[in-house]
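Chemist: Sequence:
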Amino acid sequence: MPDEHTSDGHEGHDHPDNGHDSVSHGAEPLGPVDEAPLHAAVDALAAALHDYIGTAVGVRSEFGASEADEDPRVLALEARISTLNAQVYDALHGSLGMHPDLTSLVWASDEELGAGGDADAPPAPEVAEPFYLGFVVGPGSTPDTSLDSVIDFLDNAGEQVVAALAEAGFDIPEWAASRGEAADFEGYGDAADDPTDGSL
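Here UniProt numbering is used: position 65 in the sequence shown is 65, and no number is missing along the way.
Among the clues, some could well be false.
As the list claims (entries may be wrong) - Label-pair distances were calculated between CB atoms; the ranges are:
id, residue 1, residue 2, range
1, Ala157, Val23, 50 to 60 Å
2, Ser24, Leu75, 29 to 39 Å
3, Val136, Arg73, 32 to 42 Å
4, Leu96, Asp184, 42 to 52 Å
5, Val106, His50, 17 to 27 Å
6, Glu28, Ala157, 48 to 58 Å
7, Asp90, Gly138, 48 to 58 Å
8, Gly134, Asp110, 25 to 35 Å
9, Pro125, Glu167, 15 to 25 Å
10, Gly134, Ile172, 14 to 24 Å
11, Val137, Asp90, 42 to 52 Å
12, Ala79, Asp110, 29 to 39 Å
I should point out that these hints are in silico values taken from the structure, not numbers from a laboratory. The beta carbon of each residue, even a glycine, is placed where N, CA and C say it ideally should be.
Throw the hints in and build the complete structure from the sequences for me.
Modeler: The structure is reproduced here in structure tokens:
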């Protein structure tokens, strides 16, 4: 489960003596470390994830997706998994002095992940991809609001999104507001295959 991070890499986490034990956070190698508590923390997290899968499958067989998301049994297990994620972090941090980022969500294919790949290899550089935000818009409620004016609204919104992305450090080589089908960004995938009715 993803969590929010503060400057020390973990939300709501207090470390005694500023969390920097002289041994585990020292500049020298640690030498032998007892791995049993670390594996125990991971085993507890894995068991909770298996419980979550069983519960989620059962709840989803009875309810719709939105209801299942809000089911108390599901929410309770999500809270438990968040706590166990924190315990894995604490176990590694306390024993090794490291600040592991183990809860980020990254979508990648099996080929990109690679079975038995080099763990020390730098991540592959990301390439530009098209993103779409689609709307289905019905006629306006007054005579002076026609569907032709929708593209103006989308243009204005697109400019704000581009400004926000640029401020966040992203490069936006192209952007477009379109009507009827996704804009075709040549070189960034086949946008014509995207079922989105409108895009930014």
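Chemist: Could you tell me which of the numbered hints above are not met by this structure, giving the numbers in increasing order?
Modeler: Of the numbered hints given earlier, the structure breaks none, since each of them holds.
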